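Asks: Build the complex: two chains, separate frames, hints provided.
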Amino acid sequence: MNFAGIIRLSLSRIWANKTRSALTILGVVIGVGALVGLVSIVQSASTGISSSLNSLGGNNVSISASAGGTLTDGDAEALESIDGVAAVATGVTTQGTATHGSTSATFTIQGVSADYPATTSIDLAAGSFLPEGASLRATRSVVLDADAADSLGLSANDVGAQITLEGRTFTVVGVLQAQTGFAGFGGSSVYITQEAARTMFAPAPDVSSITVVTASDADVDGLVDSVTRVLLERHDISDADDADFTVTNQADILDSLNSVMGILQLLLGGIASISLLVGGIGIMNIMLVSVRERTREIGVRRAIGAKRRTILAQFLVEAVVLSVIGGILGIGLGALIAWVVSLIGGLTFVIAGWVVVVGLVFSALVGIVFGVGPARTAARMAPVEALRYE
Amino acid sequence: MPVLSLRGVRREYLTGDEVTVALGGVDLDVDEGEFVAIVGPSGSGKSTLMNMIGCLDRPTTGSVVIDGHDVDELGDNALTELRLRTIGFVFQQFNLLPQTSAVDNVAAPLLYAGARPAEARVRALELLERLGLGERARFTPNRLSGGQQQRVAIARALVADPRIILADEPTGALDSASGAEVMRIMHEIHEEGRTIVLITHDLDVAAQAQRRIHVHDGLITEDERDAVAEVPA
Chain E
12 MNFAGIIRLS LSRIWANKTR SALTILGVVI GVGALVGLVS IVQSASTGIS
62 SSLNSLGGNN VSISASAGGT LTDGDAEALE SIDGVAAVAT GVTTQGTATH
112 GSTSATFTIQ GVSADYPATT SIDLAAGSFL PEGASLRATR SVVLDADAAD
162 SLGLSANDVG AQITLEGRTF TVVGVLQAQT GFAGFGGSSV YITQEAARTM
212 FAPAPDVSSI TVVTASDADV DGLVDSVTRV LLERHDISDA DDADFTVTNQ
262 ADILDSLNSV MGILQLLLGG IASISLLVGG IGIMNIMLVS VRERTREIGV
312 RRAIGAKRRT ILAQFLVEAV VLSVIGGILG IGLGALIAWV VSLIGGLTFV
362 IAGWVVVVGL VFSALVGIVF GVGPARTAAR MAPVEALRYE
Chain R
2 MPVLSLRGVR REYLTGDEVT VALGGVDLDV DEGEFVAIVG PSGSGKSTLM
52 NMIGCLDRPT TGSVVIDGHD VDELGDNALT ELRLRTIGFV FQQFNLLPQT
102 SAVDNVAAPL LYAGARPAEA RVRALELLER LGLGERARFT PNRLSGGQQQ
152 RVAIARALVA DPRIILADEP TGALDSASGA EVMRIMHEIH EEGRTIVLIT
202 HDLDVAAQAQ RRIHVHDGLI TEDERDAVAE VPA
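Those protein sequence lines, which keep their order, are chains E and R.
Residue numbers for the first sequence, in this note's numbering: 12 to 401.
Residue numbers for the second sequence, in this note's numbering: 2 to 234.
If we strip away everything but chain R, and leave its shape as in the complex, we get (with noise of 0.2 Å):
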């Protein structure tokens, strides 16, 4: 079974009168620890699809299945704590919590969770040193690199244990060497059995995922795996 599996999604945008279309139909299976790039200029409708995945927004038709669960059936309760328990978010602008140290960073999910604040800090500490982040657990994101700030939004993302990790182009903001230590952890995220769903219009990103689909004017337009992809079952 997919963990994420959309048929037919469909989103529409009302702006005054006039009705836009950011997704026309979308049908895509993502299975277990997959690694996939979704690709496509801006406008084009990834976001949109980002938003169906990361269970931020609803189809305006369509279904959504996340990890087995209908997304159309789940109240607003229900949603959160999928998304809460079932996918990490790492955004392109890293969207730490302002005034917040790394550590509290990390920590939150877990916090929100319902697990107990000590617990949270020994796991969210446990994941900054992981990261080589540990000397800079207590620093607030003002004080840290954008490289070191998506290393910390990566730890936040992995902290709650999701199967899958949604992230929205997240070497966007970020100078070369940066961004391919990124990528480096999402390869090693990857390969701890995780799903990575990576959200790009670079190419050279996109290239180094196992299966790339690319979106144009809220179709997909071609969806292509590299064979080594489909060894692993």
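Chain E extracted, bound-state conformation (with noise of 0.2 Å):
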């Protein structure tokens, strides 16, 4: 009998016992619906973070202050002169209230020069973004995110409303429009100039961070090198591991993120890869107890003519055709699992080819695996014993 013969065989079979064929699947949909679901949840959670980090902007590296260092105007003008350095920024970042009105909460304030909506991605609701210079208008002006703007009783339609910022008034000059997703986890803040900024909180160090936008085609490992070697020459620093200023990129958040991602799918996946062992156990109970019902088929067929190996087919086919249906189920209660959890938690629902590969290819290994024991049982049965057996 060939092998399409054999499947449609397995498949009248399994047909003709519905009820059983669904309780015995119904482990390994289960399983893979477990490994599929947690593992695109992961993914889809993954995914939205990493395209979060990337919207703050692409490869930049930012440099920020530490042990007690201070960072100047002058450092961030010599990592300009860099190779591969597009734009160097700088600014000064602090806490401080705002009052609009009868209202008033607490922000991160942030000093940024005008060419500060180049290193990163932010996007305007309304209005315009600060104005260059130290005019008194710029000094004047400020630009709330949707989060500050919303805590303090604004929209977009309130560009040109005045706010109180540690006691100076400004003007509301632009909104930005709300992040998405993981964005908005720096929680909310207020931009003015860096000018403004220095004079309110002197003495406070004239630059909290440096942001450089490296070139689109720049070795980022080799600018993270120079960066340090620039600084520690200018901070007169014989030893990195003695630098009062810290230096990160993006692709190694990034990085580090994806470890912890695989790790977490790893983990997940190897949990619900246990609920597919016992649904595997399942499938061979139902399997030995078909075997034993059907021993006096088994021996009609050896008698008019089926070979061992053929029984043997039969039967290691049957399990895998059950358990291969249950992993299409259950791939397809995984992805309906991780939508729904992605619609909850905001995410982008994301499911990857792989998952769909690797939870074809676990069920079908499931049913060799579990199928092979109760086969060759049935196919070792003498066809005169099989044939008596009532």
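By construction, these hints were calculated from the structure, which means they are not laboratory data.
This structure is a prediction, so every number in the text was calculated from the model and none was measured.
Where is the CB? At the ideal position from N, CA and C, for every residue including glycine.
Be careful, since some hints might not be right.
Said to hold, decoys possible - The following residues of chain R were derived to be distant from chain E, with all beta-carbon distances above 12 Å:
id, residue
1, Glu82
2, Leu83
3, Thr101
4, Pro110
5, Gln149
6, Asp169
7, His188
8, Ala208
9, Glu225
As the list claims (entries may be wrong) - If the Cβ cut is set under 10 Å, some of the chain E residues that face chain R in the computed set are:
id, residue
10, Arg303
11, Arg305
12, Val311
13, Ala317
14, Ile355
15, Thr359
Replies: If you want it as structure tokens, here you go:
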């Protein structure tokens, strides 16, 4: 009998015992469903986080002061001459209270240069970003992010409104669009010019962070080394371990995020595999019962010309077909779970092709591993004894 | 050359430490085209003899030669192949494949022989029509009467065009009318030139054969032939 015939035979046997078949594959459905679902949820989360990180500024290198050190405008200027640097922006960051009418709240106040938007991917919902220069108008302008506007009872329509920031009056010139997903986890920020920030918060350090935007074809790792070398020289530090600043780049953060997510996927996938194993045992159990019940049928098939290997194939294929059907349903179930979770969690639903392939391969493997025992039992039966079986 | 030849066939079974002798050394030749009945009470060893002739079991000692092939020299696959090409089985309890339509039951041996499914079905349908079951080809066994089931089983036995039909009490589970019909078909098959070996405890059925071999306590006690049966050669 050819392979297509054996497949047809298995399908008709499975169909003939619908209820039993359905209950048997339930274990595999749940196992593969858990595997595909959990892995996809982790993947959706991880995709969301990395795209948020990317939106914070592709291949930026950020330098922040640490260990009591300070950064200066001079440092920033020195970095501009390094090969592969496209732009350098400095930032002054502190906490402060803003008030609008009777509403007040605490925000991260970011003193930024006018080219700040070029170093990050923020989008304006209304108005414009901070004006250039140190005019009175510029130093009294503020841009609110969506969260900040919201907590002050303002919206994109309120460009032109006056708010009080640490005792000074500022005019809202722009409101940013709300960040989706994980990008908003930085809390709410208000943006003012560096000049304003330095006057207001002196004697705080001139520069609390420097952001270096790398040219698109630059070797980021090499650039990080150059930046570190230049700053060490300028700060008169000979041992890099004693540096009074920290250099981080987005790629590193993404790398470590990916490795954490990879471990998480492996862990959850491993747990899900245990339920797949249990599903396999269920299939083996039913196949053993089925072989016993069909002993006489096996005898008849042997008598009318079925070889041992044909009987083996018949039962093995039946187990594999059962578990693969379970696998296909499980992939559907897992995708559904991941979709619902991403809908609830506000994640982008992602289902990777490899998860589907792994789900199918695993379920087929379960069928083979747990089907081969019962199938061998069936194939080894002596025709005479099988025919005599009542 | 006989189509079926047994020499000193002995079959012992071991139950616990007790050895039961089911066949105690049997010599038997059946020529092509013979209609032979093997007769004996239950427990006489006739079923064991049938298993030997049908290549379903191997003798403890002695030789079984079917259609020129020594069973002892054949492996399991070759033996299955020999069974498939040479012997058609008809059982007392019909032994049709459950939940399988009549036509698929009849086609099964051809599929095991490697035939294409479409061709196998055409051949199966032809045989069912010849046996008056064309209308019921799609029925599963549980929707067929005993007599109809046995006719399906006969069609299945014939489908691979075997030289020998081995029937084990084919009328044993049937009413007399269905039984008579089955025996009529047996005669028809015999007239086509096939060798029929029929196992029965029913002397009336046995009387319809040309040659009766009586088995008792695992030995052949009598081998009687109708004078007419000797003629065709």
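Asks: With reference to the structure, classify each hint as holding or not holding.
Replies: Here's how the hints hold up against the structure:
1. For R/Glu82, the shortest C-beta to C-beta distance to chain E comes to about 8 Å, within the 12 Å cut-off, and the non-interface label is violated.
2. The claim that R/Leu83 is not at the interface with chain E is violated, since a C-beta of that chain comes within 12 Å of its own (minimum 10 Å).
3. Listed as a non-interface residue, R/Thr101 fails to keep its Cβ farther than 12 Å from every Cβ of chain E; the least gap is roughly 8 Å.
4. For R/Pro110, the non-interface assignment is contradicted: its Cβ lies about 5 Å from the closest Cβ of chain E, within the 12 Å cut-off.
5. The Cβ of R/Gln149 sits about 18 Å from the closest Cβ of chain E, beyond the 12 Å cut-off, so the non-interface label holds.
6. Taking the minimum C-beta to C-beta distance to chain E, about 9 Å, the non-interface status of R/Asp169 is violated against the 12 Å cut.
7. Every Cβ of chain E is farther than 12 Å from the Cβ of R/His188; the closest lies at roughly 23 Å, confirming the non-interface assignment.
8. Distance to chain E confirms R/Ala208 as a non-interface residue, since its nearest Cβ pair spans about 27 Å, more than 12 Å.
9. Look at R/Glu225: its CB is around 28 Å from the nearest CB on chain E, clear of 12 Å, so calling it non-interface holds up.
10. The criterion of a C-beta within 10 Å of any C-beta in chain R is not met by E/Arg303, whose closest approach is roughly 15 Å, and the hint is violated.
11. Against a cut-off of 10 Å between C-beta atoms, the interface hint on E/Arg305 holds, since the closest Cβ of chain R lies about 8 Å away.
12. Look at E/Val311: its Cβ gets to within about 5 Å of chain R, closer than 10 Å, so that hint holds up.
13. Contact between E/Ala317 and chain R, as hinted, is supported at the beta carbon level, the nearest pair being about 5 Å apart and thus within 10 Å.
14. Given the 10 Å rule on beta carbons, the hint for E/Ile355 is violated: about 45 Å separates it from the nearest Cβ of chain R.
15. At a threshold of 10 Å, the smallest CB-CB gap from E/Thr359 to chain R is about 48 Å, leaving the interface hint violated.
Of the numbered hints listed earlier, those contradicted by the structure are 1, 2, 3, 4, 6, 10, 14, 15.
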